[in-house]
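Novice: Take a look at the letters that make up each chain.
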Amino acid sequence: MSHSEAVATTRLRPAGHAVLRRGRVSFLLHRRTVLVAVTLTVLLACAVVAYLCVGESFVAPAEVVRVLFGRPSPDELVVGTLRLPRLVVGLLAGAAFGVAGALVQTVARNPLASPDVIGVTHGAGAATVAALSFNAVAADALPYVSVAGGMAAALLVYVFAWRGGLHSSRFVLVGIGVSVALGSLTQLLLTKGDYLVAQQAKVWLTGSLNSRGYEEAGPLVVVLLIGVPAAVWAARAQRSASFDDDTATSLGVRLGRSRLGLTALGVVLASVATGAVGPVDFVALLAPQIARRLTRTAQTPLLSSALAGALIVVIADLLARRLFSPIELPTGVLTAVVGAPYLMWLIVRTRSRSGGTAS
Amino acid sequence: MPVPDPRRRAGWLLAGAVMLLAAVLLSLTVGSRQIAPGDALQALFHSGGSDDAQVVRALRVPRTVIGVLAGAALALAGTVMQGITRNPIAEPGILGVSQGASVGVVAAIAFFGVHSLGGYVWFAFAGAALAGVGVYAVASGGRGGASPIKLALAGAAMNAFLASLVSGIATTNARALDEFRFWQVGSISGRDGEVIGQVWPFILVGIVLVAAMARGLDALALGDDAARNLGNNVALLRALGALGATVLTGAAVASVGPIAFTGLAVPHIARALVGTAHRWVLPLAAMLGPVMLLGSDVLGRILFPPSEVPVAVMTALIGVPFLIALVRRRSVVAA
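Protein sequence lines, in the order shown, are assigned to chains A and B.
Every letter in the first sequence is one number past the one before it in my numbering, and letter 182, counting from 1, is 182.
Positions in the second sequence are counted from 1; adding 359 to them yields my numbering.
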């Protein structure tokens, strides 16, 4: 395909899309994608209300809605003070995981290359536990530490996997290796460290929303506010990057730079989310996959991924709180019990050919 | 790979034995209390009431023996798994077989009230077998068969799944947690002589099983068709190999907890030294496995005194660079 032809085809409006145009700014909207986003939002709203209703004491949905809209209610304390902050952190972290997964999977062109698989969560975990056990930083600096750890781990995987190019299979295998090494490093810090620190770190490491609140939400809001618009803005490059390299290059995308930028963005989002709620595994893997399957688009829809991520975390945490009550399971246990079999299913479906694209 | 001549292979076997002796001696002498090699031997072979003799006999000897048993078992399990799957990164830890054995042990403690190694080793076998079969089924499903990448990913997924089960059981069952908390990390310290007495018959059975199929493993290395033409029952060989690997892994995990990467690195090192013939690789792996395990354990004792680093952490930290080198060097990813 010659360069001019490639440009010409991209100007055609694809089937199933509507165009919003205002002067020189235009948006392509995939109708089904919009429908999915709306549906997921409705489901999420239901899940939010259910989350706030259910707990040690049941609160009627009407009262929950009253609290949410700031009306006086006898259940103000339970809903507004105890359950709401935890829910907010879960929603934000889930959304961040979802977007992070969508970005990394798209750039790697491999659904298996989610942030959990390539070492980001373990990197963030190791760094946070290190900071905790050496008492190196103030508590409010911990999110930065976990971002640094996640970035460092991703960089490590990138460097080790690079060999005249970035073969996605090598990337994933090295990612698994680095994850294991960082997991061991975390174990080492736990055995070496002070008993109380180890207890605190262990709770965090299992990925739980227990006792999380608005303090953890702050950094998440910041990265989502910066990251999501940036990701949407880069969506055009991302869409082209999900073709093979030759096509993308002929479309005029500067592959190296946009890939690096989008991956970095994904890594930051996943790291901050991990810093806030601990390694809640597989959300970053699952959410974009669900979103993609629902919208049936070639590229991964960012907004739906965010919604799906939030939905997964809220439902998982609701189950984690209530399944064996009064004992509370770590949220990450629930997501792993669902996510790991899904990953296996994905492997079965994957065409082994060159280890590249799946399904 | 050039085939080394028999004299060189015998030489490496001898060297392996010497390294094993050295590792044993280090394991007996190094620790929070440094004991001179002569004193350690004195304590071994003569009765003596000194503190050093007490430490050696009561603590270091059981720890060392269990390290030798588990190291040999894991290395042989890795060799066999790489042989029957023809897959360079097959290994009990990476494929989730060790984690399967762990879940078996944890379930035995939490739900079946089994509290002795002799009791829960059977649960470990069952867990290891289920996890191994599951991972292999997942990896070989779909188009293209069980490529290294699919095997590794399926193993990672299985590990995550089983780890969450263990974590779930631990969270909801405080009594069980207390019992397996220290076992779960993967360490050879604090095991007493009783564990050795219970576990060695199983490991012996596993070793015999594996040793008996050395020729079969060589045939499998040539490919299924070639192996069949040489008069082997390929399916039976795979089943026997899987059984051997399961018994060895299950017994090792039941006694020392999940320890990864010993089974990955050792077979590769052994093959690099004596070529690919399993009647040479297996015995050398059986000696180098304990060398790696005891070496990691000794390193873990001296790294951050007075606390000790569990041997599973050390083997992972040593093994992962090995895995990465393997992935970079070989056509592992060509899938």
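Rather than coming from a laboratory, the hints here were simulated on the basis of the structure.
Among the hints, erroneous ones may be present.
The list that follows gives simulated cross-link-like pairs (lysine to any residue, SDA-like), each with its CA atoms no further than 20 Å apart [claimed, not checked]: (1) A:K202 x B:N532; (2) A:K202 x B:S409; (3) A:K202 x B:D583; (4) A:K202 x B:A535; (5) A:K202 x B:N588; (6) A:K202 x B:I677; (7) A:K202 x B:A636; (8) A:K202 x B:N592; (9) A:K202 x B:Q401; (10) A:K202 x A:N110; (11) A:K202 x B:R368; (12) A:K202 x A:L84; (13) A:K202 x A:I290; (14) A:K202 x A:N135; (15) A:K202 x A:V65; (16) A:K202 x A:F134; (17) A:K202 x B:L568; (18) A:K202 x A:V54.
To give an idea of the chain B side of the interface with chain A (calculated C-beta under 7 Å), a few residues [unchecked claim]: (19) A376; (20) L379; (21) A381; (22) G397; (23) Q401; (24) V497; (25) A511; (26) A519; (27) I528; (28) R534; (29) P664; (30) R687.
It should be emphasised that the depicted structure is a prediction, and the values quoted were computed from it without experimental measurement.
Idealized CB from N, CA, C, for every residue including glycine.
Novice: Confirm or reject each hint.
Specialist: Checked hints:
With a C-alpha separation of about 17 Å, the suggested pair A:K202 and B:N532 falls inside the 20 Å cut-off, and the hint holds. Pair hint A:K202 plus B:S409 does not hold up; C-alpha atoms about 40 Å apart against a cutoff of 20 Å. A threshold of 20 Å between alpha carbons decides the hint, and for A:K202 with B:D583 the separation of about 47 Å lies outside it, so the pair is violated. Note on A:K202 and B:A535: the hinted pairing holds, with a Cα-Cα distance of about 17 Å set against a maximum of 20 Å.
Of the pairs offered as hints, the one joining A:K202 and B:N588 is violated, with about 54 Å between alpha carbons and a cut-off of 20 Å exceeded. Between A:K202 and B:I677, the direct Cα distance comes to roughly 24 Å. Violation of the 20 Å bound is thereby established for this hinted pair. Proximity of A:K202 to B:A636 is assessed by CA-CA distance (about 45 Å); at most 20 Å being required, the pair is judged violated. Straight-line distance between C-alpha atoms of A:K202 and B:N592 comes to about 49 Å, which puts the hinted pair past the 20 Å bound.
Taking the CA atoms of A:K202 and B:Q401, the gap is about 43 Å. The hint is violated against a cut of 20 Å. For the given pair, A:K202 sits about 31 Å from A:N110 by alpha-carbon distance, which is inconsistent with the 20 Å threshold. Under the criterion of a C-alpha separation no larger than 20 Å, the hint pairing A:K202 with B:R368 is inconsistent with the structure, at around 47 Å. Restraint check for A:K202 and A:L84: not satisfied, since their Cα atoms lie roughly 24 Å apart, outside the 20 Å limit.
The suggested pairing of A:K202 with A:I290 is violated, with an alpha-carbon distance near 30 Å, which exceeds 20 Å. For the suggested pair A:K202 and A:N135, the alpha carbons sit about 15 Å apart, so the restraint of at most 20 Å is met. The straight-line distance between the Cα atoms of A:K202 and A:V65 is roughly 35 Å, outside the 20 Å bound, and the hint therefore fails. Restraint check for A:K202 and A:F134: satisfied, since their Cα atoms lie roughly 15 Å apart, inside the 20 Å limit.
At most 20 Å may separate the alpha-carbon atoms for a hinted pair to count; A:K202 and B:L568 exceed this at roughly 40 Å. As the CA atoms of A:K202 and A:V54 are separated by approximately 27 Å, the hinted pair breaks the 20 Å bound. This hint is violated: B:A376 has a C-beta 30 Å from the nearest C-beta of chain A, more than the 7 Å allowed. For B:L379, the suggested interface contact is broken, since its CB lies about 25 Å from the closest CB of chain A, more than 7 Å.
A least Cβ separation of about 25 Å between B:A381 and chain A goes past the 7 Å threshold, and the interface hint is therefore violated. Of the supplied interface hints, the one on B:G397 is violated, with its beta-carbon coming no nearer than about 32 Å to a beta-carbon of chain A, more than 7 Å. This hint is violated: B:Q401 has a C-beta 32 Å from the nearest C-beta of chain A, more than the 7 Å allowed. Because the smallest distance between the Cβ of B:V497 and any Cβ of chain A comes to about 4 Å, under 7 Å, the interface hint for this residue holds.
Because the closest C-beta pair between B:A511 and chain A is about 6 Å apart, less than 7 Å, the hint holds. Annotation: B:A519 was flagged as interfacial toward chain A, and the flag holds, the nearest CB pair being 5 Å apart, inside 7 Å. For B:I528, the interface hint is violated, since its Cβ never comes within 7 Å of a Cβ in chain A; the closest pair sits about 10 Å apart. Below 7 Å, beta-carbon pairs count as interface contacts, and B:R534 has none with chain A, the closest being about 13 Å; its hint is therefore violated.
A cut of 7 Å between beta carbons decides the hint on B:P664: the least distance to chain A is about 11 Å, and the hint is violated. The closest approach between the C-beta of B:R687 and any C-beta of chain A is roughly 6 Å, which is under the 7 Å cut-off, so the hint is satisfied.
In this structure, the hints that do not hold are numbers 2, 3, 5, 6, 7, 8, 9, 10, 11, 12, 13, 15, 17, 18, 19, 20, 21, 22, 23, 27, 28 and 29, in rising order.
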